[in-house]
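Peer 1: Protein sequence lines, in the order shown, are assigned to chains R and S.
Going by the working numbering, the first residue of the first sequence is number 1, and it counts up by one from there.
Going by the working numbering, the first residue of the second sequence is number 1, and it counts up by one from there.
I should point out that these hints are in silico values taken from the structure, not numbers from a laboratory.
Just so you know, even glycine gets a beta-carbon here, dropped at the ideal spot from N, CA and C.
The reader is advised that the hints may include incorrect statements.
What the hints assert, rightly or not - Using 30 Å as the maximum straight-line C-alpha spacing, the simulated DSBU-like pairs for lysine-lysine come out as follows:
hint: 1; chain 1: S; residue 1: K176; chain 2: S; residue 2: K549
hint: 2; chain 1: R; residue 1: K273; chain 2: R; residue 2: K959
hint: 3; chain 1: S; residue 1: K552; chain 2: R; residue 2: K829
hint: 4; chain 1: R; residue 1: K307; chain 2: R; residue 2: K911
hint: 5; chain 1: R; residue 1: K232; chain 2: R; residue 2: K328
hint: 6; chain 1: R; residue 1: K737; chain 2: R; residue 2: K816
hint: 7; chain 1: R; residue 1: K680; chain 2: S; residue 2: K307
hint: 8; chain 1: R; residue 1: K816; chain 2: S; residue 2: K549
hint: 9; chain 1: R; residue 1: K770; chain 2: S; residue 2: K549
hint: 10; chain 1: R; residue 1: K730; chain 2: S; residue 2: K176
hint: 11; chain 1: S; residue 1: K233; chain 2: R; residue 2: K800
hint: 12; chain 1: R; residue 1: K800; chain 2: S; residue 2: K552
hint: 13; chain 1: S; residue 1: K233; chain 2: R; residue 2: K737
hint: 14; chain 1: R; residue 1: K863; chain 2: R; residue 2: K950
hint: 15; chain 1: S; residue 1: K480; chain 2: S; residue 2: K307
hint: 16; chain 1: R; residue 1: K829; chain 2: R; residue 2: K978
hint: 17; chain 1: R; residue 1: K730; chain 2: S; residue 2: K549
hint: 18; chain 1: S; residue 1: K534; chain 2: R; residue 2: K273
hint: 19; chain 1: S; residue 1: K549; chain 2: R; residue 2: K800
hint: 20; chain 1: S; residue 1: K534; chain 2: R; residue 2: K813
hint: 21; chain 1: S; residue 1: K124; chain 2: S; residue 2: K233
hint: 22; chain 1: R; residue 1: K490; chain 2: S; residue 2: K480
hint: 23; chain 1: R; residue 1: K775; chain 2: S; residue 2: K248
hint: 24; chain 1: R; residue 1: K730; chain 2: S; residue 2: K480
hint: 25; chain 1: R; residue 1: K680; chain 2: R; residue 2: K757
hint: 26; chain 1: R; residue 1: K775; chain 2: S; residue 2: K552
hint: 27; chain 1: R; residue 1: K816; chain 2: S; residue 2: K534
hint: 28; chain 1: R; residue 1: K737; chain 2: S; residue 2: K248
hint: 29; chain 1: R; residue 1: K959; chain 2: R; residue 2: K757
To be verified - Covered stretches of chain R (in silico footprint by chain S; criterion: 3 or more residues with CB under 8 Å from a CB of chain S, positions within the stretch not fixed):
hint: 30; segment: 483-490
hint: 31; segment: 660-666
hint: 32; segment: 919-928
Stated by the list, open to error - Not close to chain S: a few residues of chain R, all C-beta gaps over 10 Å, as computed:
hint: 33; residue: V111
hint: 34; residue: S161
hint: 35; residue: T380
hint: 36; residue: A426
hint: 37; residue: N462
hint: 38; residue: D557
hint: 39; residue: G670
hint: 40; residue: N739
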Amino acid sequence: MKRSKLMYSLGTIIFLVLSFTALAQQRTISGIVQDAKNNSPLDGATVTVKNTTVSAVTNSAGKFEISVPRGRAELEISYVGHDPQSVTVSANETNVVVALTQSAQGQLSDVVVVGYGTQKKENLTGSVSTVSGEEIAQKPVMRASAALEGLASGVTVTQSSGQPGSDGGTIRIRGIGTLGNSDPLVLIDGIEGSLDGVAPNDIANISLLKDAASAAIYGSRAANGVILVTTKSGTNDALRINYNTYAGWQRFTDLPKFADGYTYMTAFNQAYKNEGRDPIFSTNYISEYQQKYLTDPDHYPNVDWQKETYTGSGFLQNHYLGISGGNKMIKIMASLAYQDQKGQIPHYESERYSFRVNTEMNVIKTLQVKLNVSGRHSPTFSPNQSGFDNILTQVNRIPPVYPAVLSDGRFGVSWNGQNPVADVRAGGLNQTNYEYLQATLQANFQPFAGADLEFNFTPQYNDAWTKNFARTINTYDPDNEAPAFTVPKKSSLSESDSRSWENTLHLIFRYHKSLNQHNLNFLAGYEQIGYRNDNFNAFRDNFALQDFQELNAGAVDNWQNGGTASEWGLRSLFGRIDYDFAGKYLFEANLRRDGSSRFAEGNQYGTFPSFSIGWRISEENFLKDVEWLSSLKLRASWGQLGNQQIGTYPFASTIRLGTNYIFGNVPANGAAQTDMANSKISWEETTTQGIGLDLGILGNKLNITYDYYVRNTSGILLQLPIPGIIGLNKPYQNAGKVNNTGWDLSINYSNRDKAFKYNIGLNLSDVKNKVTDLKGTGPYISSYSFVAEGYPINTLYGYKAIGLFQSSDQISKSPKQFGNYAPGDIIYKDLNGDNAINADDREAMGNQIPRYTYGLSFSGQYKNFSLSLLVQGVGKKDVFLNNDAVWAFFNAGKIQTWQLDYWTPENPDAKYPRLIAQTTHNNFQTSSFWVYDASYARLKNLQLSYSVPKELIRATFIKNLQFYVSGQNLFTLDHMPKGWDPERPSGDAGVYAINSTYVFGLNLTF
Amino acid sequence: MKHHFILILALFLTILSACQKDFLKKFPLDSPSDATFFSNKDELTMAINGAYTGLWWESSSVPYRMYIDAATDIAWSRGDYANVQTVQSGQFTPDAAIFSNTWSSMYNGISKCNNILQNMRRAKDVVSPDFFMQIQAQALFLRSDYYFYLIELFGDVPWVSTMLPLDSAFLGKTAKKEIVQHLYNDLDFAAANLPVSWSGNDAGRATKGAALTLKSRLALNEGDYQVAADAAKAVMDLNIYSINNSYKDLFHYAGAASKEIILKLPYLTGVRTNIIPQIEGPRSAPGYSILVPAQTLVDMYQCTDGKPIDESPLYDPSNPFNNRDPRLDQSIIRPGVWFNNYLFQTHPDSTQTYQNKGGTIVRVGNLEVTNAYATFTGYLWLKYLDVADLPSNVTSSQINFILMRYAEVLLTYAEAKIELNQLDQSVINAINLVRGRASVNMPLVTLGMSQEELRGIVRYERTIELADEGFRLFDIRRWKYAEHVMPGNVYGRRTKAHWYDSVVPQIDQYGHSNYPNANELFKVISVNTFDASKNYLWPIPQKEIDVNKNLKQNPNY
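Could you build the full structure based on these sequences and the hints that come with them?
Peer 2: This is the structure:
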């Protein structure tokens, strides 16, 4: 560690020395950028010194200042919706006026952030989608990841929970390439980070690198795609202050509907009768119940557990204050943001305080230094659960006939004292604080024309501190004074802290050379990342005074603690060459060599190349005269990527300490090997080939991008099931191959010529996933899914339900099913014809990987009003639901109203089989009966905004004022059973439901 | 221009050369490598301690050894906790978690032992020969215990005695008889090298007596009666174990240090606790009354004259709990007794009961009636339910679970000798030590009794004496009783209309009670089936079949 510190200081010193040699060679140019048509100033145009990263942005008067090397300078000016332009400024000129022409190239002229640099969109040969910061910021979601849903083709975002703090989206770029961690690499200003940790308003733009050609420069971390987030930087301008805010409410999109107490008891008794058992609820009690449930709810409860538990406000608010400005020496963007999201269940809450200061200094003409600092403090809260199951499972399980709150205000015993209403109103609290601090020092130095040397050092500190206090809750029987249950039996506090340091260092050399029509860009770099995590935890119980929720207040007879640490390192060399001839023929090659500490010596290094070519056919003479064709480009690419997401030490075979036993009534230290290691483990490799087409028609009003790709992953790092007789946990193995074949299509039409300006966009993607090789092993079966050659990853797997038995006669003629069964029970198909149903009769029964994902967006502007909406959906997907989600009386739980359409001889076409309350029964085998079509279309976002006319606020200090109303997840079409959102994952009911959100907002600039 | 290049080059080289050479060499910071472990006394001690943890074969903090009685006829488990009701009902598939949990729990334990046995020679030169042998003996003992459960539950299973590399782990089954021979040898080695007792901070390790007890248990199940009798006799000849005077106390904290205990499963706050009181306890405890004794078992307790209730003149169907084998009230909480200061009542109209509040008797609501999930059979286990755990420690009990005790050894000896038809005084003495326990005092057996008579008595003793301790499943398999005692309805509480009916059930040759109108008298709480063509073995877990094609499923699953 010491040596590396020394190295950093050394690097800095060398830079300073270099800086002084170049100090006196800068001069400043100022100018105005305006629209060629009406001479109106263009606010936010980018001015770049050619072949450097030095750039400035125009202010609202279209003005900019920029420092350039002494002598003749070449500036590149670009602005959305306008043709970019190059301007040569002679050695004695200090002032320029640039007029940009509208339309023609439209949005194709944008500059796109790519790995370790930027690229003109028209020159891209890989597959990159971009999302602007505004698209993210205008959505009222707390997590930037959730805001990406439906915005880009080939990018599937699934939001499976609405729990404050856990309601981010799971992002998959072009399907699932691996069986392990499929999360894309997220880089924030070049440094690995959490997308959800960034304040949405800080985001300038997001690039999604979808194919190997664009992502290979990130080598071993890029197999699942790369998300590049660029945060806003300061402007060369007078101070500008933005205040953005919104506030609103969340409501669950859908909730299951449960039968009342009387219906529950009679149906439950019926289920017992069906099993040949005597009923649980006596006829006496049921008839008393009918008479008294309204007058004596303590003894005859009829509780709506959802209503009693979901009493939180669901209020959310967002505040963002951003200040930017600067001069030719220094530019600053500083922001402070606060978000607060309260759950619809009390005590669920997520807050986030974040700040960011991005500073750019022009030290001398050829040396620019950036110092960026950002931080976050994000506490999240949830109620401590007192029972065996989580609060949501309990709400969805406990039948209405158990008391929640007695009429005298005491908590009822509910189910064995596990009372979710008491949990959320009077129970303990779980708290996790995420703390984050990052500082980046970056220096760019241009030693000679066309060259740029970049040094970047970024230390990053992350801390997750959790504190879970379990408070004892007394619950009562109505007739007894003493508590019936105290749950949990003892109050307890567990506290843990996990902190990590991650140091990233990179050094990049870029060189650009144009000669005649040959343009060459060269990049070479070195990067190393070192990571260390330290954590500890402590526990005490029996708090005599439960209001004092600190460790010292607990009893000492059962205090416990633990802690450990881990480290990893990644060291890489990488390079890129891109070349074009006359802007027509494009070529790019990338190479990265990564060394990872996660593999044993000998397997530590992996090399990841990629190549891509492009042909801008529209630049050819034979197409120059085709009026309607604005642009046409063909692309092709090939590349390889790696994956090393397999824990920190999968190769090391170790003895785990702390496997303790008890002798002589005292603890005895123990140790044992529990995990099997695989010292031969090596990189997982993904090879992607693709072709693409970009088409612009009618002055680029209509743009179409299409990509087709084949992505093969081999040597997949997989924890294959191993024979239990080994007696150790399964190791990672390089086994298996997965193929993803798919296409992405996006179509965009915009018309900005008239007073009514609008844009319509459609993105549609499909990916077919298939496991192509498991080395002849498998299938690997988990509870309701399997991994097998020829099938998509985690294909649903089980028995094939072919209806319900209608008669005993039919039963006697059918193959033997499971245990005791009778008319009204599910019939399974005997696939192997041995006249009995057993494990050999299981088959694939559905694909959990979404296909035909789409987003349809519209935005329109008329005078001061604008409207935007986004419809997002999935065309094909299956989910398997079980337990409380679709099985009546699971664990003696309740029954949903749709399940009352159960089979009886009089109701042969019922939706639900004969009532049974035993989950091991024939009907509750894993079967296609419980597989549901999870395709959907959803009005994801709708926003209407009004900008106060400039004339009205001209006299004030306010530059811009906009009001809006916005809604999220407003309306859904789906095929799920009532109450279960189509975005929820397969499985049971213990998931915090997804929210609709309604907000009012205000954006103010002065 | 040139000096810039030199500077850039210098910068690159500086950074590259300054990097730590071991930047990519990262090893676990909290766990030693297995390549060097097992090489000194401390490491061997830690490793053998770790191997004992496999004895905690549990479902949700309750030993399976206790739960599996509810997979037989004598107990019942509500709500399919630990899957035992599913197993009991015979309506299971090889997917049930109990099978894979058991399989992996045992083989995990076996691998911990194998790791020691395979690598302990690293320490041979630095530890005393005695210590070395004791470690080896403990590892062999533990491995034998884990294999005992595998072969007795699943039949033939793969024999694994080394750390298996992945590519040679796809083994087929080894014949049970072959495994049994290995275990006999291993247990002989263990018995020869383990001390008779341990003291201080070693108390509770495997002893010579434990090794011999396990051997006798195994041999009895395998029908190797001479081996069983000899091993049991060797335990008896150690002369260090004796029958505890109080049967009841033996299973409570008061009996923790009893000389009857040969090996126990320890629990201690801070290391591991259990939730037995919650699983067994009455609603008022507050417990969940999940694992409960069956009516069938209650009817099996003979009268104090040593006769079954349908034969004894002492049996009064109106006062069915009078004059019964004293172990009934020392094992089971039945209606009409006080427990934990509550009067235990189960009649549907007893919605209130009495509580003793520091000497004052008060009328309070009776959860054992009003709660829909109070004990379904109307009885509760008293064994392992110590009031000291109530109410605060129902989910953090330190009550030890007895793995081996002297009474079992005596009954094993007796059963083996009876099957060998060697009916000598030693057999009589062994049975009478158990029946003549001070707090039990059932009529003693005599030398003149026939083999058939003694066989009946020893089978009765095993059922009653060892109830709630996890022996019944193996007993009804060994005696081939299962197909007779398992199928049919499981009866719970009486129905209100027939609550006071005076009915004396017929007790059949398997000790089971048969009521003429059982379905009216009792609530049916579940329905069992038993298929003798397959249910004498558990199915190999489906997961294992799915992953290893060489492993064949047991017949008819």
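Peer 1: A separate judgement is required for each hint: does it hold in the structure or not?
Peer 2: Tested hints:
1. For the proposed pair K176 of chain S and K549 of chain S, the alpha carbon gap of about 20 Å is at most 30 Å, so the pair holds.
2. For the given pair, K273 of chain R sits about 74 Å from K959 of chain R by alpha-carbon distance, which is inconsistent with the 30 Å threshold.
3. A distance of roughly 24 Å separates the Cα atoms of K552 of chain S and K829 of chain R; the hinted pair therefore holds under the 30 Å criterion.
4. Between the alpha carbons of K307 of chain R and K911 of chain R the distance comes to roughly 27 Å, so the proposed pair stays at or under 30 Å and holds.
5. In summary, the hint linking K232 of chain R to K328 of chain R is supported, as the alpha carbons are separated by about 18 Å, within the 30 Å threshold.
6. The straight-line distance between the Cα atoms of K737 of chain R and K816 of chain R is roughly 38 Å, outside the 30 Å bound, and the hint therefore fails.
7. Proximity of K680 of chain R to K307 of chain S is assessed by CA-CA distance (about 68 Å); at most 30 Å being required, the pair is judged violated.
8. With a C-alpha separation of about 25 Å, the suggested pair K816 of chain R and K549 of chain S falls inside the 30 Å cut-off, and the hint holds.
9. Our distance criterion of 30 Å between C-alpha atoms is met by K770 of chain R and K549 of chain S, whose separation comes to about 24 Å.
10. Taking the CA atoms of K730 of chain R and K176 of chain S, the gap is about 27 Å. The hint holds against a cut of 30 Å.
11. Note on K233 of chain S and K800 of chain R: the hinted pairing is violated, with a Cα-Cα distance of about 57 Å set against a maximum of 30 Å.
12. Using a Cα cut-off of 30 Å, the hinted pair K800 of chain R and K552 of chain S holds, with the two alpha carbons roughly 24 Å apart.
13. Distance check on the hinted pair: K233 of chain S and K737 of chain R sit about 61 Å apart at the alpha-carbon level, beyond 30 Å; violated.
14. With a C-alpha separation of about 11 Å, the suggested pair K863 of chain R and K950 of chain R falls inside the 30 Å cut-off, and the hint holds.
15. Between K480 of chain S and K307 of chain S the alpha-carbon distance is near 23 Å, which keeps this suggested pair within the 30 Å criterion.
16. Of the pairs offered as hints, the one joining K829 of chain R and K978 of chain R holds, with about 27 Å between alpha carbons and a cut-off of 30 Å not exceeded.
17. For a cut-off of 30 Å, the pair hint linking K730 of chain R to K549 of chain S stands: about 18 Å separates their Cα positions.
18. Distance check on the hinted pair: K534 of chain S and K273 of chain R sit about 28 Å apart at the alpha-carbon level, within 30 Å; holds.
19. Restraint check for K549 of chain S and K800 of chain R: the C-alpha separation of about 24 Å stays at or below 30 Å, so the hint holds.
20. As the CA atoms of K534 of chain S and K813 of chain R are separated by approximately 23 Å, the hinted pair is consistent with the 30 Å bound.
21. As the CA atoms of K124 of chain S and K233 of chain S are separated by approximately 34 Å, the hinted pair breaks the 30 Å bound.
22. With a C-alpha separation of about 46 Å, the suggested pair K490 of chain R and K480 of chain S falls outside the 30 Å cut-off, and the hint is violated.
23. For the proposed pair K775 of chain R and K248 of chain S, the alpha carbon gap of about 59 Å is over 30 Å, so the pair is violated.
24. Using a Cα cut-off of 30 Å, the hinted pair K730 of chain R and K480 of chain S is violated, with the two alpha carbons roughly 39 Å apart.
25. Proximity of K680 of chain R to K757 of chain R is assessed by CA-CA distance (about 60 Å); at most 30 Å being required, the pair is judged violated.
26. Pair hint K775 of chain R plus K552 of chain S holds up; C-alpha atoms about 22 Å apart against a cutoff of 30 Å.
27. Proposed proximity of K816 of chain R and K534 of chain S is supported: the alpha carbons are some 15 Å apart, at most 30 Å.
28. Distance hint between K737 of chain R and K248 of chain S is unfulfilled; the C-alpha atoms sit about 62 Å from each other, more than 30 Å.
29. A C-alpha spacing of about 22 Å is found between K959 of chain R and K757 of chain R, which places the hinted pair at or below 30 Å, so the restraint holds.
30. Only when three residues or more bring their CB closer than 8 Å to a CB of chain S does the claim for the segment 483-490 of chain R stand; here the count is 6, and the claim holds.
31. Figure legend: the segment 660-666 of chain R, annotated as covered by chain S; annotation consistent (7 residues with Cβ-Cβ distances under 8 Å, at least 3 required).
32. Closer than 8 Å: that is the beta-carbon criterion, and the segment 919-928 of chain R has 4 residues meeting it against chain S, so the requirement of 3 holds.
33. For V111 of chain R, the condition that its CB be more than 10 Å from all CB atoms of chain S holds, with the nearest at approximately 26 Å.
34. Residue placement check: S161 of chain R keeps its beta carbon more than 10 Å from all beta carbons of chain S (closest about 26 Å).
35. Chain S leaves T380 of chain R outside its interface by the beta-carbon criterion, the shortest separation being 27 Å against a cut-off of 10 Å.
36. The beta carbon of A426 of chain R sits about 18 Å from the closest Cβ of chain S, which is more than 10 Å, so the claim that it is off the interface holds.
37. With a closest Cβ-Cβ approach of about 18 Å to chain S, N462 of chain R is found to remain outside the 10 Å limit, as its non-interface label requires.
38. With a least CB separation of 7 Å from chain S, D557 of chain R falls inside the 10 Å interface cut-off, contrary to its annotation.
39. The non-interface label for G670 of chain R is inconsistent with chain S: the shortest C-beta to C-beta separation is roughly 4 Å, within 10 Å.
40. At the 10 Å boundary, the C-beta of N739 of chain R stays outside the reach of chain S, the nearest C-beta of that chain being 24 Å off.
Checked against the numbered hints above, the structure breaks hints 2, 6, 7, 11, 13, 21, 22, 23, 24, 25, 28, 38 and 39 and satisfies the rest.
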